[in-house]
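Using the sequences plus the hints, can you model the full thing?
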Amino acid sequence: MRLGPRPATLGLLLLCAAVAGAGEAEELHYPPGEHRADFDREALLGGQEEVDEYVKLTPEEQHKRLKSIIKKIDLDSDGFLTESELSSWIQMSFKHYAMQEAKQQFVEYDKNSDGSVSWDEYNIQMYDRVIDFDENTALDDAEEESFRQLHLKDKKRFEKANQDSDPGLNLEEFIAFEHPEEVDYMTEFVIQEALEEHDKNGDGFVSLEEFLGDYRRDPTNEDPEWILVEKDRFLNDYDKDADGRLDPQELLSWVVPNNQGIAQEEALHLIDEMDLNSDRKLSEAEILENQDLFLTSEATDYGRQLHDEYFYHDEL
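Taking my numbering, the leading residue of the sequence shown gets 1001, the next gets one more, and so forth.
Everything labelled a hint here was simulated from the structure, so no lab data went into it.
There could be a bad hint or two in this list.
Claimed, not checked - Cross-link-like lysine-lysine pairs, in silico, DSS-like; alpha carbons within 27 Å at most:
#1 Lys1200 / Lys1160
#2 Lys1231 / Lys1281
#3 Lys1156 / Lys1103
#4 Lys1160 / Lys1103
#5 Lys1153 / Lys1095
#6 Lys1111 / Lys1072
#7 Lys1111 / Lys1064
#8 Lys1095 / Lys1064
#9 Lys1281 / Lys1064
#10 Lys1071 / Lys1281
#11 Lys1281 / Lys1095
#12 Lys1072 / Lys1103
#13 Lys1160 / Lys1095
#14 Lys1067 / Lys1095
#15 Lys1067 / Lys1281
#16 Lys1067 / Lys1056
#17 Lys1156 / Lys1200
#18 Lys1095 / Lys1071
#19 Lys1056 / Lys1071
#20 Lys1200 / Lys1240
#21 Lys1281 / Lys1072
#22 Lys1095 / Lys1072
#23 Lys1155 / Lys1103
#24 Lys1111 / Lys1160
#25 Lys1200 / Lys1153
#26 Lys1056 / Lys1111
#27 Lys1111 / Lys1153
#28 Lys1231 / Lys1160
#29 Lys1095 / Lys1111
#30 Lys1111 / Lys1156
#31 Lys1095 / Lys1156
Unchecked claim - Listed next, with one range per pair, are the computed distances between beta-carbon atoms:
#32 Met1099 / Arg1280: 23 to 33 Å
#33 Arg1217 / Asn1112: 48 to 58 Å
#34 Lys1056 / Ala1098: 38 to 48 Å
#35 Gln1260 / Asp1214: 46 to 56 Å
#36 Asp1223 / Glu1143: 27 to 37 Å
#37 Met1099 / Ile1124: 19 to 29 Å
#38 Lys1071 / Asp1237: 29 to 39 Å
#39 Lys1071 / Glu1273: 14 to 24 Å
#40 Gln1062 / Gly1213: 44 to 54 Å
The structure displayed is predicted, hence computed values, not measured ones.
Virtual Cβ for every residue (Gly too), placed ideally from N, Cα, C.
Here is the structure:
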């Protein structure tokens, strides 16, 4: 089964790690014969450290911080949170934590603490050694060749993110490397990388057949479910002009999906669940009436925002 585009090796590795750890997480959540409520709290609040801090907060402090967050979400200060305001806030939260994670990674990758991450430092952090592949020599082993291709793509993205004469990446450049979707000057690179991988006939577009990759339809059998899902995504989510192919901008929405849809769904869910007077917006009173639901939603990053001054501090 085709896995889709891979604009960043790190993202792929993290995805694999998450899949591999799913079974372990399930065992922690449901050890033989019991259900761990503390696992739920850790999942919602981000870890044991956040759980410990959450427990220490008085109900008054929780209430105060939550009201401050509500006030910030209310962009027009009319006393109500609309779907648009909630969605915008959730998207901003996603981006904030992605940037915070990149900043933490930067410190880990910068082995000599000189304020710059070199290509060698990146390799050492990722693979425990410096890796150097010949760009023009393919490897016989299919798995090793696949890794070589991914590693060379990482190197190209690393070089593209570097905008000055320093051979390493400063913090801003490192963020561009880790999150090219968030940086304008990386957009063209992301599109070209995707075209190189998927545009097999070189016409500058990605057809449905190219989108589906190596899949070959058996005329004697019906398409499997995953193919039907992928076709539906191609037709209804990405091919906006319905011309049967993805142009560069449509391609970008596929290879670098944004969080807009996720945020909008969560905003609608909160309004559906918490809107007591059916006016399709939330008052502070309605939110405080359903505080537990709000604190276990993406609107507060599952309660994490109560411990992050970026979100609840009145002066920010």
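Hints and how they fare:
no., hint, verdict
1, Lys1200 / Lys1160, "holds (23 Å)"
2, Lys1231 / Lys1281, "violated (35 Å)"
3, Lys1156 / Lys1103, "holds (21 Å)"
4, Lys1160 / Lys1103, "holds (19 Å)"
5, Lys1153 / Lys1095, "holds (24 Å)"
6, Lys1111 / Lys1072, "violated (38 Å)"
7, Lys1111 / Lys1064, "violated (41 Å)"
8, Lys1095 / Lys1064, "holds (24 Å)"
9, Lys1281 / Lys1064, "holds (21 Å)"
10, Lys1071 / Lys1281, "holds (14 Å)"
11, Lys1281 / Lys1095, "holds (24 Å)"
12, Lys1072 / Lys1103, "holds (24 Å)"
13, Lys1160 / Lys1095, "holds (21 Å)"
14, Lys1067 / Lys1095, "holds (22 Å)"
15, Lys1067 / Lys1281, "holds (16 Å)"
16, Lys1067 / Lys1056, "holds (18 Å)"
17, Lys1156 / Lys1200, "holds (20 Å)"
18, Lys1095 / Lys1071, "holds (20 Å)"
19, Lys1056 / Lys1071, "holds (23 Å)"
20, Lys1200 / Lys1240, "holds (21 Å)"
21, Lys1281 / Lys1072, "holds (15 Å)"
22, Lys1095 / Lys1072, "holds (16 Å)"
23, Lys1155 / Lys1103, "holds (20 Å)"
24, Lys1111 / Lys1160, "holds (22 Å)"
25, Lys1200 / Lys1153, "holds (17 Å)"
26, Lys1056 / Lys1111, "violated (35 Å)"
27, Lys1111 / Lys1153, "holds (23 Å)"
28, Lys1231 / Lys1160, "violated (32 Å)"
29, Lys1095 / Lys1111, "holds (26 Å)"
30, Lys1111 / Lys1156, "holds (21 Å)"
31, Lys1095 / Lys1156, "holds (24 Å)"
32, Met1099 / Arg1280: 23 to 33 Å, "holds (32 Å)"
33, Arg1217 / Asn1112: 48 to 58 Å, "holds (54 Å)"
34, Lys1056 / Ala1098: 38 to 48 Å, "violated (27 Å)"
35, Gln1260 / Asp1214: 46 to 56 Å, "violated (30 Å)"
36, Asp1223 / Glu1143: 27 to 37 Å, "holds (28 Å)"
37, Met1099 / Ile1124: 19 to 29 Å, "holds (23 Å)"
38, Lys1071 / Asp1237: 29 to 39 Å, "holds (35 Å)"
39, Lys1071 / Glu1273: 14 to 24 Å, "holds (21 Å)"
40, Gln1062 / Gly1213: 44 to 54 Å, "holds (49 Å)"
In this structure, the earlier hints numbered 2, 6, 7, 26, 28, 34 and 35 are contradicted, and the remaining ones agree with it.
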